[in-house]
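Chemist: Residue numbers (numbering that gives the first Met the number 0), protein chains in the order written: chain A, 0 to 439; chain B, 0 to 339.
Keep in mind the hints are simulated off the structure, nothing from the lab. It is possible that part of the hints are untrue.
[What the hints assert, rightly or not] Partial chain A-side listing against chain B, Cβ under 10 Å, derived:
(1) S95
(2) R117
(3) A133
(4) L167
(5) G397
(6) T405
[Unchecked claim] Stretches of chain A that chain B covers, calculated by requiring three or more beta carbons in the stretch to come under 8 Å of a beta carbon on chain B:
(7) 57-64
(8) 103-109
[As the list claims (entries may be wrong)] Simulated restraints, written as ranges between beta carbons of each label pair:
(9) A/W338 to B/T304: 47 to 57 Å
(10) A/V415 to B/V241: 45 to 55 Å
(11) B/A211 to A/T404: 37 to 47 Å
(12) B/E327 to A/Q206: 31 to 41 Å
(13) A/T404 to B/R39: 41 to 51 Å
(14) A/A306 to B/G285: 44 to 54 Å
(15) B/S188 to A/A8: 50 to 60 Å
(16) B/R255 to A/T404: 44 to 54 Å
(17) B/P280 to A/E163: 25 to 35 Å
(18) A/E272 to B/I148: 37 to 47 Å
Treat the numbers as computed from the prediction; the structure is a model and nothing was measured. The beta carbon of each residue, even a glycine, is placed where N, CA and C say it ideally should be.
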Amino acid sequence: MDNLLAARALMGLSLAFHILYATIGIGLPLLLMIAEGLALKTGDDSWHVIARRWIRPAGVLFAIGAVSGTILSFELGLLWPEFMAFSGPLIGLAFSMEGFAFFTEAIFLALYIYGERRLSRRALFLCTIPLTVAAALSAVFVISANGWMNTPTGFRLVDGVVAEVRPLEAFANPAWLHEAVHGTLAAYVATGFAMSGFYAATLLRGQATPYTKKALTLCLAVATVFLPFMLISGDWAASFVARHQKAKFAAMEAHFQSSAGAPLVIGGWPDPETGTVAYAIKIPKLLSVLADKDPDFVVKGLNAFPAEDRPDPRLVHPFFDLMVGSFLLMSVASGWFWWLRWRQGEVTVERKPLFLLLLASPFGMIALESGWMVTEFGRQPWVVQGYLRTTQGVTPHGGIFLVFTTFLLVYLALTVGILRLLLYPGQKGGAGKGSEVHHG
Amino acid sequence: MADPLLLSELALVLGLVAYALFGGADFGGGIWTALAFGPRAPEQRDALFNAIGPVWETNHVWLIFVVVTLFTAFPEGFADLFIVLMTPLVLALVGINFRGAAFAFRHFGRQSGREAPLSARVFEVASILTPFTLGMAVSATAAGRITLIDGQPVTGIGTWANPFTLMGGVVGLAICAYLAPAYMTVRVSGELQEDFRKEAMAAGLALGALTALTIPVAIYQAPRFALRLISSWPIIFVALAVAAGVATELLLWRRRFVSAQIGAAGTVVFTLAGFAAALNPDLLIGQLSLAAAAAPLPTLVAYLTVLPLGALILVPSLIYLYWTFRGEPDPEIPPAGSEP
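Generate coordinates for the entire structure from the input sequences, incorporating the hints supplied.
Modeler: Spelled out as structure tokens, the structure:
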């Protein structure tokens, strides 16, 4: 593995790992806030119990999120120093603001988790508000950096050197808004579904307690409320990409030849050699309609770009379809559940819909990761679209493969540790202690 | 009014000092968990462990603050440093990760009534590895072994592993080991307080001896740094650090713990300020000035605008956090209910 490939693999691995924990770090605070708010408003203490039961796994997952985020901030310099020397003055503002948001998040999470004996119930609830807001803002801010890599603005290039820097303009780059909305709301969907899966599994094991039903209802309600927004913001994102990042759009849709009345390609395996997509379903003219609401609109294909500027559709199109497919699966699973909830008047215990829900539960995360793959692989070979190639951003320091191997082992060790803890929480002693001192 | 470059430099130093004062004390907790001895060793370990719980993630964010300040305000320097110092930084990162994870795993494990000896060991080892390697990386900027050719740094083990950076690593450890027990004396009482008092005094002597030894090492191994430190105004910070250190020992001797806590923090602030003052006006001594490493002016101005706005939210939140968790550390995190 050469240095560049090792650096890309390590950055990809680190981000893929961090995204899982960061997503829970954004989604769970909202659920905590709603549960604590319901407990205060309705006087029904079981909501509080639900929220407090989340904090143990939450503490571990947040900690992993924090340290894996530190790895990323270091890796920007360790792997991509030339990229950072170029971009630091422009995306630094986004990271600085994210830093403050993360600070706030860490503080109020600690207050919420550890504060039960020292704070009133109202104060605990109030802590979840800045926690939720700061968590969402940290995503919104940091996504600005990614938006800038896709649509770099706020500077001029004079003899290969960044000049006339306008950091606020770089921060509010054109791609930021739709990426921020789409990416942040996706965290609520992903967290809500992941947690619904846990409770669906509990119901499937025959433990249909009112507690489980309540928790499932809350988690899935949050996920379902945000699900339509994924479609709306996703369409917004796609139409933006169709106008401003035409090469990425072509790779997403596996669209090789520029043509009017372009078909929408669903599934299949794109072959850049022949410019065809094997085993795909094609819907005539739909791509043109989606791109510009005009069935005869000319959609640029990958062939419109020089070979050295083309992203590889094999790494983009399948992930795009996986993201859309995940959305459909989650829609069906949650739709069935709420239909039965409405018909039966309470949470269903039928096996089939619960099993479908369990099946769909990881797909929020899968969709989020896939969407991120689409935006990253779709921008290649650029790290800063149109200005800096990925090959130009990498460190001149050798031995990155060794660093890659080191962190691969770190992530494996962390994953094994987390799985051991979450799957075998060691009931001995713990359960008794917990139920004995329920509300402190 | 003030020069944006100077203010950005101060922000960087502030971040480093805050990380040492808060994050450093957490590492110190891990170091003394490893070193705990005597009849009350388990109680010492528990007190340290419980004190770190609510605050370590927040304290850790200061490191991210330093990194972000570095790449926003001094992107050239950030790039050069992270190319040359890859090995110690990777080691520090591995330590940071295992330490955070081990702490969280152990906490979680305890909550479910299960001790985790592996997590405890990992936590201790990582608490020693990280400050040592970070100390090496920070002091490497002053060692004078890093050279730039056509603006590109020359890599090699000698750039970050030499007698001066080894001293830097050990001083880093001593700073952490000094702060943790000094802070703990305020928070516990009785025999445990006496234990931490002795630990703080011992660590204070060690820190004093090590920083004193650093000066002759610097004269031979980092002469440019040594010259700037002892023959110009940065010597004031050396004097202040010595004075604060001696005063802290006396305060600990007389059991004036609240003042001693402030004295210990002051000692560390002056020590680091002396280092930064002697490194000034460079980021890489003799090779890259802070001015040359700095981002364009509009970036510095934007960054310096964000700082006070962020501080407006951050400072009250931090005060609320430390105020809430003042005093005797809770024996464990509050009840979370049993697993559903």
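Chemist: Within 45 to 55 Å or not, the Cβ separation of A/V415 and B/V241?
Modeler: 48 Å, holds
Chemist: Just tell me: holds or violated, for the beta carbon distance of A/A306 and B/G285 against 44 to 54 Å?
Modeler: Because 46 Å falls inside the window, the suggested range holds.
Chemist: Given a hinted range of 41 to 51 Å, is it respected by the beta-carbon distance of A/T404 and B/R39?
Modeler: 42 Å, holds
Chemist: Verify the coverage statement for the region 103-109 of chain A against chain B, using a C-beta to C-beta distance below 8 Å and requiring 3 or more qualifying residues.
Modeler: holds (count 6)
Chemist: A closest beta-carbon separation below 10 Å is what the hint needs, so does A/G397 meet it against chain B?
Modeler: Because about 8 Å separates A/G397 from the closest Cβ in chain B, which is inside the 10 Å limit, the hint holds.
Chemist: A range of 31 to 41 Å was offered for this pair. Does it hold for the Cβ distance of B/E327 and A/Q206?
Modeler: Given range 31 to 41 Å: holds, Cβ gap about 39 Å.
Chemist: Can you let me know if the beta-carbon spacing of B/S188 and A/A8 is within 50 to 60 Å?
Modeler: Between B/S188 and A/A8, where Cβ atoms are some 53 Å apart, the hint holds.
Chemist: Would you say the C-beta atoms of A/W338 and B/T304 sit inside 47 to 57 Å of each other?
Modeler: 52 Å, holds
Chemist: Given the hint of 37 to 47 Å, is the C-beta distance from A/E272 to B/I148 inside that range or not?
Modeler: With a Cβ separation near 43 Å, A/E272 and B/I148 satisfy 37 to 47 Å, so the hint holds.
Chemist: Minimum Cβ distance from A/R117 to chain B below 10 Å?
Modeler: 5 Å, holds
Chemist: A range of 44 to 54 Å was offered for this pair. Does it hold for the Cβ distance of B/R255 and A/T404?
Modeler: 52 Å, holds
Chemist: Do the Cβ positions of B/A211 and A/T404 conform to the proposed distance bound of 37 to 47 Å?
Modeler: 41 Å, holds
In terms of the numbered hints stated before, the structure departs from none.
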